[in-house]
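**Student:** Once you've looked at the hints, dock chain U against the given chain W.
Heads up: the sequence lines are chains W and U, in that order.
Just so you know, the first sequence maps onto residues 1 to 417 in this note's numbering.
Just so you know, the second sequence maps onto residues 1 to 301 in this note's numbering.
If you're looking for bench data, these hints aren't it; they were derived computationally from the structure.
For every residue, glycine included, the Cβ atom is placed at its ideal position computed from N, Cα and C.
Keep in mind that the hints are not guaranteed to be accurate.
Quick partial rundown of chain W residues pointing at chain U, CB under 8 Å, derived from the structure [as the list claims (entries may be wrong)]: (1) Met1; (2) Thr100; (3) Ser103; (4) Gln224; (5) Ser264; (6) Ala284; (7) Arg392; (8) Ala410.
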Amino acid sequence: MELLRLATAGSVDDGKSTLIGRLLYDSKSIFQDQLQAIEETSKARGAEGVDLALLTDGLRAEREQGITIDVAHRYFATPRRKFIIGDTPGHIQYTRNMVTGASTADLTIVLVDARHGVIEQSRRHTFIASLLRIPHIVVAINKMDLVGWSKDVFETIRKDFSDFATKLDVTDLTFIPMSALLGDNVVDRSENMDWYEGSTLLHHLEEVHISSDRNLKDVRFPVQYVIRPQTEDNPDYRGYAGTIAGGVMKPGDDIVALPSGFTSKIKSIDTADGPLEEAFPPMAVTICLDDDIDISRGDMLCRPNNQPIVGQDIQAMVCWMSEVSSLHPRSMLALKHTTKWVRTMVKDLQYRLDINTLHRDEEATELKLNEIGRVTLRTTQPLFHDTYARNRLTGSFILVDETTNVTVAAGMIIDNN
Amino acid sequence: MIYQLSDVRALESEAIHIIREVAAEFERPVMLFSGGKDSILMLHLAIKAFAPAKVPFPIMHVDTGHNFPEVIEYRDRRVSETGVRLIVASVQEAIDKGLVTEESGPRASRNGLQTAALLEAIEEHRFDALFGGARRDEEKARAKERVYSFRDEFGQWDPKGQRPELWNLYNGRHNIGEHFRVFPISNWTELDVWHYIRDENIDIPGVYMAHKRMVFERDGMWLADTPFITRMEGEELEERLVRFRTIGDATCTGAVDSPADTIDKVIEEVGATRITERGATRADDRRTEAAMEDRKKEGYF
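Bound-form chain W, shown alone:
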């Protein structure tokens, strides 16, 4: 069974929590005691019927304010797939949570209220999904019951949305008309929209092809931990533990270690269950080499004829996530890339992007909370990196404030040109 990581985003009123509640409820992933608890709460609040949105409102503060304040994780499975939902709130001040949820997602659902059509927020979500390169986007056109199940409304929204999305880097866009409240086209086919011939949401989630989304071409192995038992049984064992970030590795393959440039061959790919014939992302393995060369955490193994970019000058899109500080040229920050920490200077802020209009403000002098811009960085040591478009794991980094230790930005590396 495959694992699909799914990010949902939406504003307070467009029915996202109801949609997730419906997905869990109709796929029979809700337990009796959970249902009983929300039935009681719904009744106490004077709601008619069961408010499925309550299923995902976890924290007391959220229940009090009736909003979702942070990334929440939900799990459900069907016979075909296991799903992890990263549920992120949609109000403007929480762009950073949306970026967080999007960073590991295979697919995202952007909710659109059929009565309102494509609004700023839908654009913002879609832009973030494309920036974070979520491979698959589903546009859930919700509340179709409130527009008389109208095909024309659906088609108009679809066209508006597609026009906007062509300006972005979006590979797979799917539109589904639905009513999360009534359950139409979430798990069960709608009887009210005969004109729609596509999949229901759940069917799409089960069938969408995700296995080709990972990079299997470029071997990238960031060394995470050196395993040296130094015991009687294993006096000389030296293995490099890590998680494969790209490519397929096999015993006998030539490799080069960065930054030293020493070459060797893979002797074995070990796991606690025995050696492997081949290994691929995202497997956590231990690599042993034919030669005893000096390799430590933060180094990277790759193929001699296919190496990442090695450099200290990094061009990137960053999303700033701190309420208390902002990004300025000359800022000094800690940077984590793969398994390596370095320090970095912000050399230049080229522009700040208005994520609603995609306008580039080249006069901008800082990035504040939830703002996205293009920067030039100069790191204290070279990073072994790829562009984010080529590999999400070797093309991403975080920035950390050296005084507060708080993660203040997410970065995605782009071409140097």
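**Tutor:** Below, chain U without anything else, positioned relative to chain W:
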């Protein structure tokens, strides 16, 4: 060749990555070990993460003193098999030192007192990272917690001030006195845990399987007859065929009626059940609607 990991193997790799990352970046990590299935699974993953070398950190049992004997026996056996170092943080000692006051009455529980013993041990051993076996599917406050959960010098969790967690780039930077709780199996569900225990043939305490036990009913749960709990009027003992879905302090962990005496039967039962494991068997989460959230903010697991 299809280069696709199964769901459970993808979760295994994610957990091993997290465990190695902590071992590499923290100075004094420790793994919390209760003898419950989640901590057993976590220790199993730690052993796999560093094989053929030993696990490079100790495990710690926060001991309420109200244990099922089978679980302590299991703990000690596992320690001698794996060669891992065991630290016991004792709630009884915290009570004896006067750090905490024991609740009284038939509903008394030491579950809340674990926090004091835990924080005391963190300070004494200067731990900077504590692995916990919490899963996000267990409870709604846990669903919102990061894999690396930052705790201030009082061990407190601030749900609104959590650090963003992106890709697999974990940020464990902290000042002296602060620490992290790290949850490598955050994304596993109860069923994933059971499938993995079966697939990996992991030894677990017998109390997870159906067995005959003297129990009495309280709040719709079967509580075991133990020396640590006083029955109230009308709470009559009876022998039933039961098993435990979670294992915690014996005074607040309930058993469920079950004939499931093999792992396959347990999986079948868990797959078909309509009640969450904490809803069914943990009195400590029922005290108020936001019970877990409140305890976490105060430094609970």
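**Student:** All hints are to be evaluated individually against the structure, with a verdict given for each.
**Tutor:** Outcome of the hint check:
no., hint, in the structure
1, Met1, "holds (5 Å)"
2, Thr100, "holds (5 Å)"
3, Ser103, "holds (4 Å)"
4, Gln224, "holds (5 Å)"
5, Ser264, "violated (20 Å)"
6, Ala284, "holds (4 Å)"
7, Arg392, "holds (7 Å)"
8, Ala410, "holds (5 Å)"
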